[in-house]
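Novice: Fit chain B to the supplied structure of chain A, relying on the hints for placement.
Chains as they are written, first to last, in numbering that gives the first Met the number 0: chain A, 0 to 316; chain B, 0 to 95.
Hint data in this document are derived by calculation from the structure and do not stem from the laboratory. Hints are not guaranteed to be accurate.
Okay, derived cross-link-like pairs now, EDC-like style, lysine to aspartate or glutamate, Cα gap no bigger than 16 Å in a straight line [unchecked claim]:
#	chain 1	residue 1	chain 2	residue 2
1	A	Lys71	A	Asp103
2	B	Lys85	A	Asp240
3	A	Lys241	B	Glu87
Restraint-style ranges between C-beta atoms, simulated for each label pair [unchecked claim]:
#	chain 1	residue 1	chain 2	residue 2	range
4	B	Gln44	A	Glu292	47 to 55 Å
5	A	Glu269	B	Ala13	29 to 37 Å
6	A	Asn88	B	Lys43	54 to 62 Å
7	B	Ala51	A	Ala290	21 to 29 Å
Not close to chain B: a few residues of chain A, all C-beta gaps over 12 Å, as computed [what the hints assert, rightly or not]:
#	residue
8	Arg36
9	Asp43
10	Gln49
11	Leu149
12	Gly163
13	Tyr224
For each residue, glycine too, the CB sits at the ideal point set by N, CA and C.
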Amino acid sequence: MKASPAGRRGSKPKSPATKPLAGPSGKIHPVVIYPFRQPGDDTDLKELYQLVARLNREKDIYSRPITVIDRKTHYANEGNKQYLGFRKNTVARHSDILDVWAVDTCQMWYSGLGLAFERGGQQDVYWLIPGDFNYGTAMGREVLSRLHDLPEICLELQQDLCIGEIATDHNNSKQLIDTYGTFALLYNWFPVEAQAIRSYTERPRSEFFAVRHGFLHEVFRQRWYAYEQTVVMLLHAVFSDKRISRFLVGNISDLPEGRESIASAMQQVERTERVLKTLWRHRHQSKPGWAGEYRVLDSQSEQVRRTALLILQNLLG
Amino acid sequence: MNLNRYGAQQTLRAVSFICNAPQAQSVSLVGDFNHWNPTANPMKQMPDKAWAVMVELKHGHHRYAFLVDGQLTLDPRGQGITRNDKNERVSLIPVS
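One chain only, chain A, in its complex shape (with noise of 0.2 Å):
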């Protein structure tokens, strides 16, 4: 079953040039999440500042958009001219730059929608766009001229939050760690929330998503996650009956800097349990007799972990 533009297989991405159905009252914050590693080929780098650029001149659509860069990052490119002169020239001069130390990329999510909040008001949006991306590609642009779906969903049909999922095939490691790990682990500690999450992603870490104003000061208000942050952001969206979009943004691979390795698929899994276990612990550690209900789902948790584990070892070691 397919919906499609009259005369064409598959539906025609808009444009990014397209103007979008902003809310006069309610503006789109743009937030980048720069890479922690400087690619030695900036194509992709320079395709998302294209886009950048022109969410910059569209202002009574979008507010200035910020660009969050790890000071690591900056320190580590301090003699590298082509980081210093696409800093300078471009992003610096498309975007306002946030310079921040952070554990993790979900802090630099934190900081940078965290001053986009600042400078937002009620009827507003927040889009978070990874740098970290082969937008260059053929597929890559076809992302990018579907990424400002996601806030304008949120805006015209008035969701709380919408994820951006990308396809790719079964073999894929983000796959395979969401389906032997993130929803394993998900069915353990929270099984009828992630059941409600699967009805609408099998992607609940993507990092592409758009927020409404209301709901990102509630998880705001929430303890925030130096990792794995959107399924937090779920399971909130779950708890509290939000609405909830999803949208398919296209079929892309990460950049081979950001590919993952076993090593980084284990330790993507054992965060997403750590972070599973203090929320439950948060949720659950006022009501009587929970210490012993938290011992029997650590237990099965570890189960889980381990048997996810040993599969990731069988397909990417």
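Specialist: Quick look at chain B alone, frame taken from chain A:
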């Protein structure tokens, strides 16, 4: 919330919907654009047994679903998933 901010959203674009339900007796297209009215956009069965209809939609994002023998059905090829006002899962389509 399609706001009259630009002229673009006033432009209608013909969009074709295809539902592969060969055994169905009746299929219709429902969505925000026809107020989820099951009789507004009936689909027609094609020689290959797929059901098709073409509708004109405004620029923006639209929620929709197929009503297959009275049952609300997601478009498996739809670009997105959301919920309608009755909290039922429905599909999303962007129209440029």
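Novice: Confirm or reject each hint.
Specialist: Hint by hint, here is what the structure shows:
Between Lys71(A) and Asp103(A), the direct Cα distance comes to roughly 11 Å. Compliance with the 16 Å bound is thereby established for this hinted pair. For the hint pairing Lys85(B) with Asp240(A), the CA-to-CA distance comes to about 13 Å; that is within 16 Å, so the pair holds. A distance of roughly 14 Å separates the Cα atoms of Lys241(A) and Glu87(B); the hinted pair therefore holds under the 16 Å criterion. At about 53 Å, the beta-carbon gap between Gln44(B) and Glu292(A) stays in the expected band of 47 to 55 Å.
Separation of Glu269(A) from Ala13(B) is about 51 Å and departs from the stated range, judged on CB atoms against 29 to 37 Å. Separated by about 56 Å at the C-beta atoms, Asn88(A) and Lys43(B) satisfy the suggested range of 54 to 62 Å. Against the hinted window of 21 to 29 Å, the Cβ-Cβ separation of Ala51(B) and Ala290(A) comes to about 59 Å, which falls outside the hint. The claim that Arg36(A) lies off the interface holds: its Cβ sits roughly 32 Å from the closest Cβ of chain B, which is beyond the 12 Å cut-off.
Taking the minimum C-beta to C-beta distance to chain B, about 23 Å, the non-interface status of Asp43(A) holds against the 12 Å cut. Against the 12 Å criterion, Gln49(A) stays outside the reach of chain B, whose nearest CB is about 19 Å from its own CB. Distance check on Leu149(A): its Cβ comes as close as 10 Å (rounded) to a Cβ of chain B, failing to clear the 12 Å threshold; non-interface status is violated. With a cut of 12 Å on Cβ distances, Gly163(A) falls inside the contact zone with chain B, its closest approach being about 9 Å.
Residue-level check passed: Tyr224(A) sits 25 Å from the nearest beta carbon of chain B, beyond 12 Å.
In summary, the numbered hints that this structure violates are 5, 7, 11 and 12.
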